[in-house]
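Q: Sequence:
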Amino acid sequence: MLLSILMTLFGLIAAFEGCFFLTHLHKPFLIFHPDRQAPLSKALIVWGILLLIIGVLAMIAAWTDSILFIVTMVVIGCVGETLMAYSLMGYFQAEQRKN
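Residue numbers for the sequence shown follow this note's numbering, beginning at 2 and rising by one.
Hints in this document: simulated from the structure, not taken from any laboratory. Keep in mind that the hints are not guaranteed to be accurate.
Claimed, not checked - Okay, the calculated beta carbon distance ranges per label pair:
1) I32 to M2: 35 to 41 Å
2) D66 to L13: 32 to 38 Å
3) A39 to V75: 32 to 38 Å
No residue lacks a Cβ here, since even glycine has one placed at the ideal position from N, Cα and C.
Produce the entire structure from the sequences given, and follow the hints as far as they go.
A: In structure tokens form, the structure reads like this:
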């Protein structure tokens, strides 16, 4: 039961991040300005869609009782979140070099 709750929470966090990225394509947030950087805006679209898919699949996996599906989604989610963070960090460093 606890595993299902934690996987649902993991899926909700990933889906929230995906929705956040998709709704902030033309608004500055944190240190990012997608309205000034077209490649950043495109990256947010890609990561937003991927994180939404990961979030929905993680929530489905939470209630299937398939350990293989749950472990697969945890690994895919962790790798996806890490790659997203690294890719957005590249835009952060590019913004810092301009200043």
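Q: Compare the structure with each hint and give your call.
A: Now for the hints, and whether the structure bears them out:
1. Range check, I32 to M2: about 40 Å between beta-carbon atoms, so the 35 to 41 Å window is met.
2. Between D66 and L13 the beta carbon distance is about 19 Å. The supplied range of 32 to 38 Å is therefore violated.
3. Remark: the range hint 32 to 38 Å for A39 to V75 is upheld by a beta-carbon distance near 33 Å.
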